[in-house]
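With the hints as extra help, turn the sequences into a complete structure.
Number of protein chains: 2
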Amino acid sequence: MTSLLIKNVRIMDDEPADILIRDGVIAEIAPGLDAPGVAEEDATGLIALPGLVDAHTHLDKSLLGWPWYKNDVGGASLMAMIENERDMKQRLGLDPHVQSMRHALKTAGFGATLIRSHIDIDTQGGLRALEGVMQTAEILADVVEIETVAFPQSGLTTREGTAELMDQALAMGANLVGGLDPCGVDRDPKGHLDIIFGLAERHGKGIDIHLHERGDLGLFSMEMILDRAEALDMKGMVTISHAFCLGMQDYPRVEAMLERLAAMDVAIMTTAPASSPAPMVKQLDAHGIRIGAGNDGIQDTWGPYGNGDMLERAKFVGLRNNLREDVEVKRALDICAGGGAVAMGKPRRALKAGAPGDLVLVEGEAVVQAVVTHAPRKLVVKGGHITARDGQTLMAAP
Amino acid sequence: MTSLLIKNVRIMDDEPADILIRDGVIAEIAPGLDAPGVAEEDATGLIALPGLVDAHTHLDKSLLGWPWYKNDVGGASLMAMIENERDMKQRLGLDPHVQSMRHALKTAGFGATLIRSHIDIDTQGGLRALEGVMQTAEILADVVEIETVAFPQSGLTTREGTAELMDQALAMGANLVGGLDPCGVDRDPKGHLDIIFGLAERHGKGIDIHLHERGDLGLFSMEMILDRAEALDMKGMVTISHAFCLGMQDYPRVEAMLERLAAMDVAIMTTAPASSPAPMVKQLDAHGIRIGAGNDGIQDTWGPYGNGDMLERAKFVGLRNNLREDVEVKRALDICAGGGAVAMGKPRRALKAGAPGDLVLVEGEAVVQAVVTHAPRKLVVKGGHITARDGQTLMAAP
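Residue numbers (the UniProt record's numbering), protein chains in the order written: chain C, 1 to 398; chain L, 1 to 398.
Hints may contain errors.
A pair holds if it fits inside one copy or across any two, identical chains being indistinguishable in the list.
[Claimed, not checked] Calculated lysine to any residue pairs in the SDA-like style (CA-CA distance at most 20 angstroms, straight line):
id, residue 1, residue 2
1, Lys-70, Glu-363
2, Lys-235, Gly-288
3, Lys-235, Arg-348
4, Lys-282, Ser-77
Just so you know, the hints here were simulated from the structure itself, not pulled from any lab data. Just so we're clear, the structure is a prediction, and the values are computed from it rather than from any experiment.
Here's what the structure looks like:
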C-alpha cells in the first residue's frame, strides 16, 4: 500500500482540490494539502472519478491478441455457443493466464481497480482456467483486485465430474460459487441449485449465478434460488447476474419479486443489454437493491463486441435505462464504480476520506461528459499506486 | 467532382487493390492501376469502407461548442422536452448555421458523406433553422451531402401558422415534408396527416415522419399514413423514422404491417435505441424493406449522448439486434452506409465501379473489428475529394 498526493484535481463536478492517499486509503481531500515525503502528481485540473468496477466479466475467454476471430455461430442457440467455445478454446490452445492478463490489463487501463470474473470449470478444461486467472490475480494484485467465481459454463448435473471439479475449485481459492440457467442448461433446476447451494454451504462462500432465462421461466428459477437462500440464511451472500426476467412486462409480479430480492439483500449484476429485457435501474433503486454492472466477455467466441471500458459500460447503462438527466447518468456511473463494489460486498469506491485510494483521472468539463465520451483515461490509481497513464497500464500485457 | 487514385487499399475484407475515382465516381477497382495526371494517395493497406450515411439526425439542435449543458428535464415527458428545447434555443441564442456546421463537420470527420437532417419549423423560430442548415449544406457541398426535412417539432394543428411555415420551407428548398406522432403530439391524427400529405402532394416531395408512438397506437398511426400514401400513389416516397411500434410483441400484426409497408416501399429509419422497442433488422430484411440508421440529435437538450459517429451507430444496430456473426455485423454496417443511402432514395454507396466516389479508410484487421472498435478514421473521401484525415475534417468548424 502506497501513499500519493494528487494536486489540483476536480472532485467529480466540484472545485479543484488535492487528494491525499496514505497507505492505500484516501486520508484527506482539501485544497492546498501538503505531505512531506509523499510522492506528488499534478492533475492539472482533470476530473477525478472513483476507481471503476467490472462486476461481471469472463477473463478466461477473450481472444485479445489473437488474429481476428470470424464468428459464424451467431446468437440463436445458447448451447451451440457453449459447445463452439469449448471446442475453439482447445483448438486454439488458449492459455487462460495469458488471455486473462491481456483482458485484465486492458480493463485496468480504462480505470477499473476491481473485477469479478467468472471462470469456466468443466470436464474438458478442468481447473486450468482457474489456475491461470488466479496466477493473473496474484501478479496484478497492485493493479486490479480480481475476484473469481467457479462457473460451470457447460452444465453441472448433465456433465458428470463437474460438481467435483467445482468443489476442488472452491478449495483452491475461487471466491464464489457460480451457476447457470438451472432450467435452460441442465434442465434440472432442483439438481443444479441443490449442488451449488450445497457447495456454498460447505465452503462458506457466496453465490453468483447467471440467469438468462426470461419471463416466467426466469422468475421460477429466481424463486427456487430465493427459497434456498432463505433456508440457508444467506442474506447478502447471493448475486444474480443478468436477471433478464426482471425486465418482463408484468409490473406486479416483478415488484413482488423485487421485494423478495430486497429482503434477502440479493445483488443484481447487469450488462445493460440492448437486445434483451433487463432489470431497470430506477425500479431496482426504489427497492434499495444493490446493482453492479459488467462488460461480460469481450471479443470472444460469443461475439465481437466489448473492449473492457467500464466508462463506456456506464454509457450503455444510461442508454438502456433512458437516463438523460445529469443526476441519472451519474447513477449509471456509480453502478460501474462505487455501487458496483458494494454490489460485490466490497468497500464503496468513493472520493472521500476513508475510502480505498482507487481513482481515475479524465479530461472533460463535466462528469456526464466524461461518461458519454469515455475519453482515454489520463491516470489510474489503485491503493495510491499509479497503474496506468494515457490509457496504458504501466505493466505491459504478455 | 474530382479524380483520385487510392493505392494499396483493402476492399472490405478482400485483398489489397487500387481504387480509381474519376469525376466523383468509382471508375475501376483492381491491383496495379495507373492513372497519369490523377492525384494519388497511398492507403498503406488500410481497410476501405463505403462512405457512411446518417439518415436521421437534427443538425439544428446540437449544443456542440457550448459549455456543458446540465440536463435536469429527463425523458419522462415528450412535450416537456419539446418545450424545454424551444426555450433553451432562444435563451442561448443558438445560431443554427454555426451549430449545424459543427455537427455536420463532426459527422463528416467520422466518415459520413451523406446526411438527412430534420429541421425544426415552428412559430417561434420560424424558418431560421432551415436557412442556417441550408447555408451549411451549400458550404459543405463538397464535404457531405445534406438533405433537409421540414419538421414541425412543436406540433402542427395545435400551433396556428405552422402549416404555412412548412409550406414556405418547402418552397424555399427543404427536400422532404416532416411530421411527428400524429396522435401523441397534435392529438389529431387526421388533421396532422392530411396537412403533411397535402404539402407533399402540392410540392411533389416525399415524406419522412417521426413515429415514436408504441404498440397499437403506433400501428394505428402507421395505418393512417399508409392509407394516404396509397391514395396518393406515393410508392417509394414515404419514410417512417423510429417506428417503435414495429418492435411490439405481436408477431402476426407486425408481419401484416410489414407486408403493407413493403408493398408501398416505405423506408424505415432507426437509431437502434436500447431503451425502447424498435424495428428488428432481420424481420424487416425478410420483407425487403429499406432500412437506414441515424445518430438522431447529439449532445443537445434532449440528452448528453452521441458524437456523430455512424460506425459506432453500426455497433449499436448490431447490439440492439443481437447481431454476432461477421456477416450480420456487416449488414449493420450496410444500414449505416450503402443501405442507408438506398433508404434515402440515393445511389448506394458501395466499393464498386459506377458507385459514388465516397469512402472511408480505417485501421484494423477486419471490417467487423473496425465496426466494434470504431477506431479513428484515417481518411475520408467524398466524390474523389479528400475531406478528412485522422478524424479531422480539412475544413475547420466555426
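Each hint, compared with the structure:
no. : hint              : result
1   : Lys-70 - Glu-363  : between (35 angstroms within a copy, 17 angstroms between copies)
2   : Lys-235 - Gly-288 : within (14 angstroms within a copy, 53 angstroms between copies)
3   : Lys-235 - Arg-348 : within (19 angstroms within a copy, 59 angstroms between copies)
4   : Lys-282 - Ser-77  : between (31 angstroms within a copy, 16 angstroms between copies)
In this structure, none of the earlier numbered hints is contradicted; all agree with it.
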